[in-house]
Amino acid sequence: PGGWCGEAEVVLNRTVGSPEFGFLVLSDHQSLVITGILEEGHLETWNRFNPLQEVRKGDRIVRVNGVAGDVDGMKAQLLSSEEVRMQVIRVGDGHAGNITLA
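Under our numbering, the first residue of the sequence shown carries the number 1, and numbering increases by one thereafter.
Do not rely on the hints blindly, as some may be mistaken.
Stated by the list, open to error - Below, computed lysine to aspartate or glutamate pairings styled on EDC-like, alpha-carbon distance capped at 20 Å:
#, residue 1, residue 2
1, LYS57, GLU9
2, LYS57, GLU39
3, LYS57, GLU7
4, LYS57, GLU40
5, LYS57, ASP28
6, LYS75, ASP28
7, LYS75, GLU9
8, LYS75, GLU20
Treat the hints as calculated values from the structure; they're not laboratory data.
Produce the entire structure from the sequences given, and follow the hints as far as they go.
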């Protein structure tokens, strides 16, 4: 319950605190799928302070610092940038367990 559906803009900055943004991704053809969120990472902190734009496992990153449609380019931004501005989308409610095949 709660949370958002559709898309959100998430801004993370690693100049203070941990050198890592604090999440794991897998690539698909057009996006990076969030597969894990690490405790005490910058994304977990974002979630704590932005509960209406909380990012969850299964959400997809479709743009990083203006780079879209290029998963290698988006990964490069995540690895090299001090600050990232990510467009994150959620399909459905983010809970794959609720999908029923007929």
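Evaluation of the provided hints:
1. LYS57 to GLU9: Holds, because 16 Å separates the two Cα atoms, which is no more than 20 Å.
2. LYS57 to GLU39: holds, 13 Å
3. LYS57 to GLU7: Within the cut-off at roughly 14 Å; holds.
4. LYS57 to GLU40: holds, 16 Å
5. LYS57 to ASP28: Measuring from Cα to Cα gives roughly 14 Å; hence the hint holds.
6. LYS75 to ASP28: holds, 12 Å
7. LYS75 to GLU9: holds, 17 Å
8. LYS75 to GLU20: holds, 13 Å
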